[in-house]
Structures are given as structure tokens and as C-alpha cells.
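Student: Below are the chains, spelled out letter by letter.
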Amino acid sequence: MKHIKRWLLMLGFSLVSVIGLAGCGFPGLSGSSSDTIRIASQNTTEQQIMAYMLQDMIQHDSKLHTTIINNLGSGTVSFNALKNNQADISSIRFVGTDLTTIMGENVDRNRTRATNHVRETFDKKYHMTYFPSYGFADTYVWMVTQQTAKKYNLNTVSDMKKQASKMSVGIDQIWLNRKGDGYDGFKQAYGFAFGQVHPMQIGLVYDAVAAGKMDAVLGYSTDGRINSYHLKLLKDNKQYFPPYDASAVATNKVLKKHPELKPIIAKLNGKISLKTMQTLNYKVDNDLMEPEVVAKQYLEQHNYFEGSDD
Amino acid sequence: MAHLNLWEQLLYYYQHNGVYVLSQFSRHFLISVYGVLIAAIVGIPIGIFIAHHGKLSGAVIGIANVIQTIPSLAMLSIIMIGLGLGVNTVIVTVFLYALLPIIKNTDTGMRNVNPSLLDAGKGMGMTRLQLLRLVELPLSMSVIMAGLRNALVLAIGITAIGTFVGAGGLGDIIIRGTNATNGSAIILAGALPTALMAIILDVALAWVEKKVDPTA
Numbered sequence: 001m002k003h004i005k006r007w008l009l010m011l012g013f014s015l016v017s018v019i020g021l022a023g024c025g026f027p028g029l030s031g032s033s034s035d036t037i038r039i040a041s042q043n044t045t046e047q048q049i050m051a052y053m054l055q056d057m058i059q060h061d062s063k064l065h066t067t068i069i070n071n072l073g074s075g076t077v078s079f080n081a082l083k084n085n086q087a088d089i090s091s092i093r094f095v096g097t098d099l100t101t102i103m104g105e106n107v108d109r110n111r112t113r114a115t116n117h118v119r120e121t122f123d124k125k126y127h128m129t130y131f132p133s134y135g136f137a138d139t140y141v142w143m144v145t146q147q148t149a150k151k152y153n154l155n156t157v158s159d160m161k162k163q164a165s166k167m168s169v170g171i172d173q174i175w176l177n178r179k180g181d182g183y184d185g186f187k188q189a190y191g192f193a194f195g196q197v198h199p200m201q202i203g204l205v206y207d208a209v210a211a212g213k214m215d216a217v218l219g220y221s222t223d224g225r226i227n228s229y230h231l232k233l234l235k236d237n238k239q240y241f242p243p244y245d246a247s248a249v250a251t252n253k254v255l256k257k258h259p260e261l262k263p264i265i266a267k268l269n270g271k272i273s274l275k276t277m278q279t280l281n282y283k284v285d286n287d288l289m290e291p292e293v294v295a296k297q298y299l300e301q302h303n304y305f306e307g308s309d310d
Numbered sequence: 001m002a003h004l005n006l007w008e009q010l011l012y013y014y015q016h017n018g019v020y021v022l023s024q025f026s027r028h029f030l031i032s033v034y035g036v037l038i039a040a041i042v043g044i045p046i047g048i049f050i051a052h053h054g055k056l057s058g059a060v061i062g063i064a065n066v067i068q069t070i071p072s073l074a075m076l077s078i079i080m081i082g083l084g085l086g087v088n089t090v091i092v093t094v095f096l097y098a099l100l101p102i103i104k105n106t107d108t109g110m111r112n113v114n115p116s117l118l119d120a121g122k123g124m125g126m127t128r129l130q131l132l133r134l135v136e137l138p139l140s141m142s143v144i145m146a147g148l149r150n151a152l153v154l155a156i157g158i159t160a161i162g163t164f165v166g167a168g169g170l171g172d173i174i175i176r177g178t179n180a181t182n183g184s185a186i187i188l189a190g191a192l193p194t195a196l197m198a199i200i201l202d203v204a205l206a207w208v209e210k211k212v213d214p215t216a
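For the protein sequence lines, the chains are L and C, in the order given.
Here our numbering is used: position 66 in the first sequence is 66, and no number is missing along the way.
Here our numbering is used: position 168 in the second sequence is 168, and no number is missing along the way.
Okay, chain L solo, but in the shape it has when bound (with noise of 0.2 Å):
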């Protein structure tokens, strides 16, 4: 009786230690702490020069501890982390594709009714603030080479029908079976369909179109590669693709804990025109930068946007 009893005293004392190790947080890794603010970051480029803008102004700003969940597969995977308390804020939300994909609704080709329509549902239903634009709207577009577009004379969406048949596109894998402003909805809008279409990670697609494997691509307007392979953009005539202004989400009871923070992030509103996001994508796309150092680079060069409060 006596050995057992020196036993659990044995195995009290490890699960006591490695409780105390687990409640000092792990010294030395930032975010597994109570009291730190958890910035959620998707795997694309943008988005994760926008988290570590924010954790770079929070840093500089306050004195709070900054983490970042990086890598999350979908705008949803990074409302789930906000909703279920897991991130405080998430980098880079678009309001077009969390009116249809988080929020279930049709597609509203009206900029500014859609963006109010989505603030309040976000703040009354989900309890998360939306910030205004940083500046620039990350939408889809459609992308050939310029020999193609010399090929067949392609302008606008509308002039692939004739060749859509014949033609192999490479789209983002997300986009294939989204409501709304998927594919299925693009056969409907535009009244064709292409011979072969491959989902793929977003970040190949203009590899695949530039060395001629893919016909046409379905990109995001912000990409950097889209200057530097001379891709010709074509225009979405029937104005299919709703508005994606670019916004940081905060939770509520974040900005709340931490009433510092709201104006912190606010210093970003507006501040990163298409033109800069290109440039930054392309850094970290192309010339083998970090998006961490991309984004340190630009707040130093910008002073950290110090005395401009909005």
C-alpha cells in the first residue's frame, strides 16, 4: 500500500510540473499565453504580409504579445478560428466572399450596400468589427499570355466562348464549387464552359498559364506575377465577379479586452493602394523575400504611419 501511495505521489508531482511548464506559457513561444493577441493568416502571399503588418504595429504601437496562426486553407477555416475563439483577428477578409461563403446570401454587385450589409451582420451575429478597406479590393480575373490574346483575339471573358471548348483552365480549388461566384454560376452569367478545368493551389496558376500548360487562369488581381509575365488581363464584361475590398477583422471581445488595439489597426485603413500590394507580392513571389521582412521593410519606410490616426 505504501509504494502505490508513493507512486501517485510520483506521477501528482510530473503532471503538477508539466501543468506549471504549460501555464507560464512555454517561455520562449509567444502565443500559447492567455494574453496574447492571435492573428490568423490564410496560405496566400497577401495574406500573410498583412498579418505581419498588424503584428508589427501591434508590436510597435503597444506592449501587447502578438501571435500568428499561419497557413489556414480557406477563409472559412479563418472565421471558424475567430468564431470559435481560437484568433483575434484575421489578416485579410473580403467582404464579396464572406457575404456568399460565410454568410450564405446571394452575390450584391453593389459595392457599398453589400459592404454594409456585411459589417452589420458581422457585428450583430458573429460579434466581429470589420475595418474599413486597407486600400485595395483583391478580386478574380481571367489571365492568358499576350500570344494567346494575339491568338484568338481576346479582350473581355465573353471573347473566350468561342475557343472555351477546346480550352484547358486552371482555377483556384476554392473557387470550383463556391455559391454564388463559382464556376457554376460563371457557366450561367457568361453561357459557357471550358473543355478542361484543373484546381489548383492559387499559387501556381500563373506559373502553369506563363509556361503555356494552361490556356487561361483564374488569378487574383493583387499577384505580382501578373507584371512580372506580362499576363494579359481580361475584362469581366458582364461584371460576374462581385467587389473584394481587402479589410482586417478583429472579435469584439478583443477590441474590448484590449481597447488599444481598434486604433492600432485603423492606422492601416486605406494605406496599401493595388499598385503597393503588387509590388509587395512580387518581393516575397519573386524575389525570394519573406513576407515578414516585406512587411517590416514598408512600415519602416512608411514610420510606421506615426500621427495618422483615422
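Keep in mind that the hints were calculated from the coordinates and are not lab data.
Note that the structure is a prediction, hence the values are computed from the model and not measured.
We put the beta carbon where it would ideally sit given N, CA and C, even for glycine.
Incorrect hints may have been included.
[What the hints assert, rightly or not] To give an idea of the interface, some chain C residues facing chain L are shown, with a C-beta separation under 8 Å as derived from the structure:
{"id": "1", "residue": "HIS16"}
{"id": "2", "residue": "TYR34"}
{"id": "3", "residue": "GLY84"}
{"id": "4", "residue": "PHE164"}
{"id": "5", "residue": "ILE175"}
[Unchecked claim] Only pairs whose alpha carbons sit at most 25 Å apart, straight line, appear in this in silico DSS-like list of lysine-lysine:
{"id": "6", "chain 1": "L", "residue 1": "LYS124", "chain 2": "L", "residue 2": "LYS162"}
{"id": "7", "chain 1": "L", "residue 1": "LYS5", "chain 2": "C", "residue 2": "LYS55"}
{"id": "8", "chain 1": "L", "residue 1": "LYS232", "chain 2": "L", "residue 2": "LYS150"}
{"id": "9", "chain 1": "L", "residue 1": "LYS267", "chain 2": "L", "residue 2": "LYS232"}
{"id": "10", "chain 1": "L", "residue 1": "LYS238", "chain 2": "L", "residue 2": "LYS187"}
{"id": "11", "chain 1": "L", "residue 1": "LYS5", "chain 2": "C", "residue 2": "LYS211"}
Given chain L's structure and the hints, the job is docking chain C onto it.
Tutor: Structure of chain C alone, referenced to chain L:
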């Protein structure tokens, strides 16, 4: 960047992102070490216990064996359901995988202590605790260390997958390399330090293992 060859690109990458790589390296290292440390705090006492209670040994090692057969990505996802995204999930996963080598080696080490030495100890009037502290543990220390060494090398590999639950570490760099144009240099930039970390720790712990063996 296309004008540089792969090694020049790698050099360029390290020149421009050195601090970042270093911070991810230490993060990766700490996640692995914390997981293994907790596994050692829990696993070594369990190992000692089952070595003394022969019947339990099969059952406990059986359970640890079953844990080991779960693919690491599946294990990460299962634990994520409970603990959510982030670094804690990865530490718990590492902990679970590190348990088997640690428990098994502690058990083996303790059992391989020559029984006549234990008898001699008992004959000298040693208490159970003294026997454990002065005879059994020192004699099995090198085998226990070998278990820790196995566990740590395993842990570094698992931490690399931890990038999928957003824990950071060198896996982040590898994944980013797969998304970038001409990302081979970035993939290497993340993979090489990961391999290097495993090799260095393996060699260092092999040295410690030799040092703590009193019979050597």
C-alpha cells in the same frame, strides 16, 4: 531572380531573411524540446513503474505503440479538434509521439540491470529508493538517453508538419516555397536547417549518451 543558380538563390535568401529564419529555427527547436521534455517528465516515471510491475509493461507499451501507428497529420487534426489551432496542439502531438521511445527505453534499461547487482544492493541494506537512485537509474541511463534521442529526432520531423495548424516553425518556410515562383531555393532554405537541427541534436545526444554510461 532567374539569373541566379539554385545555390546563389539560397545564399541570397539567407542574406535577406536571416533573422526570420533564425527566429523560426528557435521556434521549431523549442516546440520539439518542450514536447519531448513533457514526455520525459511523464514517460520516465511510467517506464520505471512498469519495469517494476512486469504485468503492466505489455499493456502500457501496447497503448504507446498504438499511438505511434496513427499518421502524424491525422493525429494533429484529431488533437486540433480539442485544442484548436496553434502551438499547443503541436506540443501535445510531439508529446504523444515521444512517449513510446521514452517509456520503452526506460523499461528496457531498467530490466537489463543485472539482478545480482540488485541483490547485492539489497544485501547492503539499501532501501528501494536508494536502489533506484544509486543502482538502477545510473546503469540504465544510457539506454534512457537513447530513447530521448530517438524522441527528439522524431519530434523535429513532426514539428515541421505543425505548420498546417498554424504553429509556425521551419515548416512555414517549406510550405511557402511550394507556393512561390521558383520556390526550390525557399524549400531548401527551410528543409536544410530542419535536417541540420536533427543531425546536430542526434550527434550531441549521442555524446551525452556515452558520457552518462558508467560502464563505458
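Student: Indicate, hint by hint, whether the structure satisfies it.
Tutor: Hint check:
{"no.": "1", "hint": "HIS16", "verdict": "holds, 6 Å"}
{"no.": "2", "hint": "TYR34", "verdict": "holds, 5 Å"}
{"no.": "3", "hint": "GLY84", "verdict": "holds, 4 Å"}
{"no.": "4", "hint": "PHE164", "verdict": "holds, 6 Å"}
{"no.": "5", "hint": "ILE175", "verdict": "holds, 6 Å"}
{"no.": "6", "hint": "LYS124/L to LYS162/L", "verdict": "violated, 47 Å"}
{"no.": "7", "hint": "LYS5/L to LYS55/C", "verdict": "holds, 19 Å"}
{"no.": "8", "hint": "LYS232/L to LYS150/L", "verdict": "holds, 10 Å"}
{"no.": "9", "hint": "LYS267/L to LYS232/L", "verdict": "violated, 34 Å"}
{"no.": "10", "hint": "LYS238/L to LYS187/L", "verdict": "holds, 12 Å"}
{"no.": "11", "hint": "LYS5/L to LYS211/C", "verdict": "violated, 34 Å"}
Of the numbered hints stated above, those contradicted by the structure are hints 6, 9 and 11, listed in ascending order.
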